[in-house]
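The sequence shown stops at residue 208 when you use my numbering, and every number in between is there.
Don't take each hint at face value.
Claimed, not checked - Distance windows between CB atoms, simulated:
(1) G29 with C180: 24 to 30 Å
(2) L175 with V63: 47 to 53 Å
(3) D196 with D133: 47 to 53 Å
Simulated from the structure, these hints should not be mistaken for laboratory data.
Built from N, CA and C at the ideal position, the CB exists for glycine as well.
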Amino acid sequence: MLQRVNTTLDRVLDGVQVGSLWLARAGGVLILLTVAMVTLEVLSRRFMGRSAVHATEITGYIMAISASWSFAFTLMRKAHIRIDALYLNLPVSVRGVLDLVALLAMALFCVLVVGAAFEVTKDSYLAGATANTPLGTPIWLPQALWLLGLAWFSLAVGLLSLRVLLGLLCRDVEGVQRLAGSPTLDEQISEENKEAHS
Numbered sequence: 011m012l013q014r015v016n017t018t019l020d021r022v023l024d025g026v027q028v029g030s031l032w033l034a035r036a037g038g039v040l041i042l043l044t045v046a047m048v049t050l051e052v053l054s055r056r057f058m059g060r061s062a063v064h065a066t067e068i069t070g071y072i073m074a075i076s077a078s079w080s081f082a083f084t085l086m087r088k089a090h091i092r093i094d095a096l097y098l099n100l101p102v103s104v105r106g107v108l109d110l111v112a113l114l115a116m117a118l119f120c121v122l123v124v125g126a127a128f129e130v131t132k133d134s135y136l137a138g139a140t141a142n143t144p145l146g147t148p149i150w151l152p153q154a155l156w157l158l159g160l161a162w163f164s165l166a167v168g169l170l171s172l173r174v175l176l177g178l179l180c181r182d183v184e185g186v187q188r189l190a191g192s193p194t195l196d197e198q199i200s201e202e203n204k205e206a207h208s
């Protein structure tokens, strides 16, 4: 029974990984747009004596949005910073429990952050709040896009936490390590070689 649920969760997590990749790519495109806007602003100030775009305001929104859109991809690729000097010397079963504790702590953090971000976005929308800038951007628009990334990240954390928990209950410690464990240096090198040849 649990094995069937794990198989289904693996398929769902594959979909989450694809969605996370596309969100991260979209965030990258937004950052490239920021570069173009800042360049245009510098050139317009140099040659026209005034700003042709409002890059300062827009780039601030873009940085927050693109960061939140990349969180889930970073999680799925196990690219978050870890201090694992002791971790890698522990038995695999203990590492699996520590991975679950870390994911549950992250899930709790997500609940708090997404709840607060939702309230802020809702309040901005209901109040009709706009930026105190020449653009007068309705604040809820960038906040909603920021919230989207945080909500997607929370979904990824929740599903991964559930999969790791069920993996531990099935005593699939190798599967748990593959999904959530901190890779050894040899595993990182092997993964990089695989990606380089594909």
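Right, here's what the structure says about each hint:
{"no.": "1", "hint": "G29 with C180: 24 to 30 Å", "result": "26 Å, holds"}
{"no.": "2", "hint": "L175 with V63: 47 to 53 Å", "result": "48 Å, holds"}
{"no.": "3", "hint": "D196 with D133: 47 to 53 Å", "result": "50 Å, holds"}
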